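Asker: Each chain, letter by letter, is given below.
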Amino acid sequence: MMTSTDAVRVGTTSAPRAMDTPVALDVNDLRTHFTMPGGTVRAVDGVSYRLHRGRTLGIVGESGCGKSVTAQSILGIVPRPGKVVSGSMMLTRGDGSTLELAGLDPKGKVIRSVRGNEIAYIFQEPMSALSPIHTIGHQITEVIRLHTGANRDQARERAETVMRQVGLPRPDEVLGRYPHQLSGGMRQRAVIGIALACNPSILIADEPTTALDVTTEAVILDLVRSLQDTTGMAIQFITHNLGVIAEIADEVVVMYMGRQVERASVTDLFLRPQHPYTQALLRSMPRLGKRAQARLEAIEGMVPDPFSVPVGCAFHTRCRHYVPVRCDQPEYVEVAPGHWVRCSRAGEVA
Amino acid sequence: MLAYTLKRLLLSIPTLFVISLLSFVLIQLPPGDFLSTYAATLASMGEQVSGDTLVLLREAYGLDQPMYIQYLKWIGGIVLRGDFGLSLEWRQPVASLIWERMGLTIALTLSTLVFTWLLAIPIGIYSATNQYSLLDYVFTTIGFIGLGVPGFMLALVVMWVSFSYFGADVGGLFSDGYKNAPWSFGRVLDLLSHLWIPMAILGMEGSAGLIRTMRANVLDELHKPYVTAARARGLDETVLTYEYPVQVALNPFISTLGWALPGLVNGGTIISVTLSLPTAGPLLLRALQSQDMYLAGAFILLLGSLTIFGTLMSDLLLAWIDPRIRLDE
Ligand SMILES: Nc1ncnc2c1ncn2[C@@H]1O[C@H](COP(=O)(O)OP(=O)(O)O)[C@@H](O)[C@H]1O
Ligand code: SF4
Ligand SMILES: [Mg+2]
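If you read the protein sequences in the order shown, they are chains E and D.
Counted from 1, the first sequence has number 309 at position 178 by the numbering used here; the numbering is strictly sequential.
Counted from 1, the second sequence has number 267 at position 96 by the numbering used here; the numbering is strictly sequential.
No lab work stands behind these hints, which were simulated from the structure alone.
Just so we're clear, the structure is a prediction, and the values are computed from it rather than from any experiment.
Glycine is no exception: its CB is placed at the ideal position from the N, C-alpha and C atoms.
You may find that some hints are simply not true.
Chain E side only, calculated, beta carbon under 8 Å to chain D, not exhaustive [said to hold, decoys possible]:
| no. | residue |
| --- | --- |
| 1 | Lys-238 |
| 2 | Arg-243 |
| 3 | Tyr-252 |
| 4 | Glu-256 |
| 5 | Leu-261 |
| 6 | Ile-264 |
| 7 | Thr-279 |
| 8 | Asn-282 |
| 9 | Gln-285 |
Model the full assembly from the supplied sequences, consistent with the hints where possible.
Answerer: Right, here's the structure in full:
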């Protein structure tokens, strides 16, 4: 019998690192709600974490748990009728000053000067994130000129440098192309290139490899990691795939129905998962070396209706360790240094 | 782009040939010819035309020759000499009959098209970017009324109102003094002062539909991920609206250009008859009824060519705006 972890390759790309560098973004008790005729969806409901320079924070959870809305809240691009209702998002800028992103006018100058410049966002589907009617060159030089005030030639030069950096050795060719003329892997490289064009201090990657095949995924993950080594940017890496988290993250936040249920270093999370939801996620994960016929264990039960999040512990409808009354108000507690869990029975269950 | 343009130009030559063939066959299709219709009309009025006279007339007009000879003579005259043959009914060269009317038709059609677009595109964009605002509702309501009321009704109402309240006759494209006058600066001004009424009426009908289309297209585009992605790069909302979605939303407009031109000619016919405009529609209608084959043929040929031309223009414009079209070939 194997234990649940010995076959998981934790941090194969390179060893996980301690979150001991300066903070780039401090998110505190963020809440983003969608008020609709049918009720209010608390898409993000009290999420806190920090991004550190040169480090990668992974955010993991099932589809619909609020990962993307968390990222959209930071950039002020939450789709209507979504609204950041409370919390703080403190950005540390290049000169050491700080900027509160919560409450900025989403169409205003300040947040626009942050988007694509200090904080870059990579979307899941590289094809749909690019304008189909403009060349890659147009789309990248546009951002460079917007944020740096470079002229056409300077922007072009910068664009070529970035394209080489993301592993597109003949920039001339790629820059003159339209998105549909590139392969999936090249497109995602180009998208990463556009994101890095202005040397952002923070990169938010929202499932950037989900649309790619496994080989391309591995190559892109390596690329992201090596770009981080050269630029020192902080990365928030969003995925529903724990395998990807193991490859790339230093610290992990696990989300369930808009709430943060666990936060730990990647090693702690894989070796000592505390929350029953995290444990279930790990059991449902395909493992190296596991015999092919051994079926994956799906997480029991259904994701509840987002309009009516279960009272008390949101996970209790699917939890095999649920105990009435005790589970009514789970607190978010630090069970070990840097390891936070929102479960009344943390430590008792495994 | 050059290669694509050349290719499209070359492709339109055989299409034009087929159109010319079709127009010729089409006008020959009804049983009998102009002379038998003519003889029948005379007979119904109690006059007799002798068989000999008919044979002579047939020879004179070349109606006794095989079809393909008639076609070759006809198309040869058009291509080589700009000679569209004789109108049997008007006893005049077809060319002298149609050019002014075709010119006026194209002037009316194009100005209507421009008017429609100038009205519909900005309103559509505004409605889409200010969805559910007060003005959006106002435009939507006006649009539905515009769609529901047929153009000739509108034409009649405008005529009646201007006649009974302003004593002005808004029919026609010229004042009496300029109707048969040669072209001059004054005549052009006179034309412009009359043109706007049919233009507005024709345009009103078209705009209502186009506003809906434009609004839906822009809304569709505005919510696509690439717009959100561009917003996440820091582009401002104006650039986001105009540089990306509006351009993409315009494509359907441009692709309708091909049939918008002849469509307006047809749609304009009823209104032209109502307003007694000297455009092509009414004359074509009459020529078809009397089997005045060269006149009808010339019209059909010109309308067909206009369609080909419109389609060619819209394809080239589309390819110019949207690289996916020109590069995927
Ligand atoms: N445009 C929207 N309109 C209404 N509700 C939304 C919208 N986008 C997201 N939500 C709500 O927010 C929840 C979280 O969405 P999201 O952050 O996209 O999930 P994911 O973790 O898969 O990225 C969804 O379950 C949905 O209820
Ligand atoms: S609080 Fe109770 S119900 Fe919730 S996860 Fe922990 S054990 Fe399960
Ligand atoms: Mg998502």
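Asker: Going through the earlier hints one by one, which of them does the structure break, listed in rising order?
Answerer: 7, 8 and 9
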